[in-house]
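One line per chain: the protein sequences are P and Z, in this order. If you want the working numbering, it's the position in the first sequence, counting the first as 1, plus 1230. If you want the working numbering, it's the position in the second sequence, counting the first as 1, plus 2.
Mixed in with the good hints there might be a few duds.
Unchecked claim - Residues on chain Z that point at chain P, a partial pick, calculated with CB under 10 Å: (1) A26; (2) F29; (3) R33; (4) N57; (5) L86; (6) P91; (7) N109; (8) V162; (9) T233; (10) V253; (11) T254; (12) C256.
Stated by the list, open to error - Simulated pairs of lysine-lysine, DSSO-like, Cα-Cα distance not exceeding 30 Å: (13) P:K1323 - Z:K113; (14) Z:K115 - P:K1323; (15) P:K1323 - Z:K297; (16) Z:K115 - Z:K215; (17) Z:K213 - P:K1323.
These aren't lab readings, by the way, just hints derived from the structure by calculation. Using N, Cα and C, we set each Cβ at its ideal position, and we do this for glycine too.
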Amino acid sequence: MMILTIAQREIRSLFYSPLAWAILGVTQLILAYLFLAQLQEYIHLQPQLKMMATAPGITDVVILPVYSSAAFIMMMVVPMITMRLVSDERRNKTLALLFSAPISMTEIIVGKFLGVVAFILIMVLMMTLMPLSLLTAASLDFGLLTAVIIGLVLMISAFISVGLYMSTLTVQPTVAAVSTFGILLLLWILDWAGNKVVDENASGALTYLSMLRHFEPFGKGIFSTSDLLYYLLFITTFLVLSIRRLDADRLQG
Amino acid sequence: MNNNLLITVEHLSRHYGPIQAVKAVDFELRRGEVLGFLGPNGAGKSTTMQMITGNLAPSAGRISICGIDLLDNPKAAKAEIGYLPEQPPVYRDFTVDEYLNFCARINRLSKDKIAAAVDNAKQRCGLTEVGRRLIGNLSKGFQQRVGIAQAIIHSPAIVVLDEPTVGLDPIQIREIRSLIRELASEHGVILSTHILPEVQMTCDRVQIINKGKLVYSDDISNLDQRMRATTLLVELRNPPAINELQTLPGVTQCDALGDNRFRVHHSLEQNPAEQIAEQAVKQAWGLLALSPERKSLEQVFVEITSSEQAHSHPEEHAA
């Protein structure tokens, strides 16, 4: 109940600033361009695809690349949405309002997290309207589409948890944004290094930590619990860190 | 547990690293009482208030709100507290209505009571006409009122206000003071300030805090006693020799301030004002002005803190 109240305030606050609208607009524009480019490609390839025995469908050729690009774009967009979550409240001294109300730190953090996740869901929904428009002329692989949407939402939620934690560490929203982006990019490219490390065990650990590695199976339509657990653990870790950091405000002042 | 006892604070202490901001403070607040926290900047007023409202964890000590321990059961205790920090915690991109609605909800008011609570708070704080305006566009005075409305929206037993009249114009200050008096009829109020008249006008009891220690705690009438003047300012057109003033009954000392003005110190028991006036007429001194000088907060404060130091034990100084 309290969590929803906090989440609702967060969404409201996002939409009261032009930032949310700008982000929604710009991302949609870029993804629409990618979508159309991919569609063009598909139409171009169609004669060759017809010759193949097990030709990839329109979902593989058009939709999956768009969702992969979306994941990459989100890595840059999420820090901008999450940067103000706590740092702005700290700077405007509005945290006192939440601290002196009968709500726990956990409710504050989880509420803020879910608020941004809800905003992201709106983005993903808008994005999904594009592949759905293809239904007028083609049939889609809904299983694959669902898997990739779940994967995308999980990955973005993980981004958000990092952003939220970074925002609890600082008073400056820009600092929070830059450090969130840094961490996300590092986690994204972690498996590049992993591929080059000779030692089997070490490379395994690095690749395992890479976010991208756990997103890829969703794009093949594989919904595995180990990937799901990876994201859930990732999110929980950063939420717990955020709660502890916010509590430290009270303890250390 | 006494039902009228709203706050009991025992041995409350707080360190910021090596700095001890609050040292073993004890006090109580009863229902229907306005308690004024007085002290210079950096004395530990805000720190104490932040601890009472659960914004800061105490390093040592116990806080009990309406019989509920704040540290053991923070949610239940916080439900009984409304807090206005030094800077009103308002969301600038919300309208007054939206903001107060949110405040009512996070204070766990049930859905059917929210609208009435918001209306009531707006009315008490004079916000009825600005309900639909953005808080960021309101003047400082109105933002302060929104801050107070937020603190009283859930009718808490205790309202804690940290310097509520800072930055307001004189008319708004008067309005807020009368609002505080009004609040005291139902709630217990703690108010911090460094403005003495404010304490005299609004509070029932005063606590002076200095360097983290509670140095004085008494009813407001007793503070008035302490502030009673023991000096007179006299201006004469044809002044006599200074020792002539000094020999008047009750006068302990007389200083010449130049321009025919004198400061006459007298004992608490005997005020020589009448004598001076009488003699001035008799001997044609040409009395131009005769007025008692009230002590300023600083003087009272220095007096209280220095007497406190004289009484305290030497080992405490070493600490």
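Status of the hints after comparison with the structure:
no.	hint	result
1	A26	violated, 18 Å
2	F29	violated, 19 Å
3	R33	violated, 20 Å
4	N57	holds, 5 Å
5	L86	holds, 9 Å
6	P91	holds, 4 Å
7	N109	holds, 5 Å
8	V162	holds, 8 Å
9	T233	violated, 43 Å
10	V253	violated, 52 Å
11	T254	violated, 48 Å
12	C256	violated, 51 Å
13	P:K1323 - Z:K113	holds, 27 Å
14	Z:K115 - P:K1323	holds, 28 Å
15	P:K1323 - Z:K297	violated, 36 Å
16	Z:K115 - Z:K215	violated, 41 Å
17	Z:K213 - P:K1323	holds, 24 Å
Hints 1, 2, 3, 9, 10, 11, 12, 15, 16 from the earlier list are contradicted by this structure; the remaining hints agree with it.
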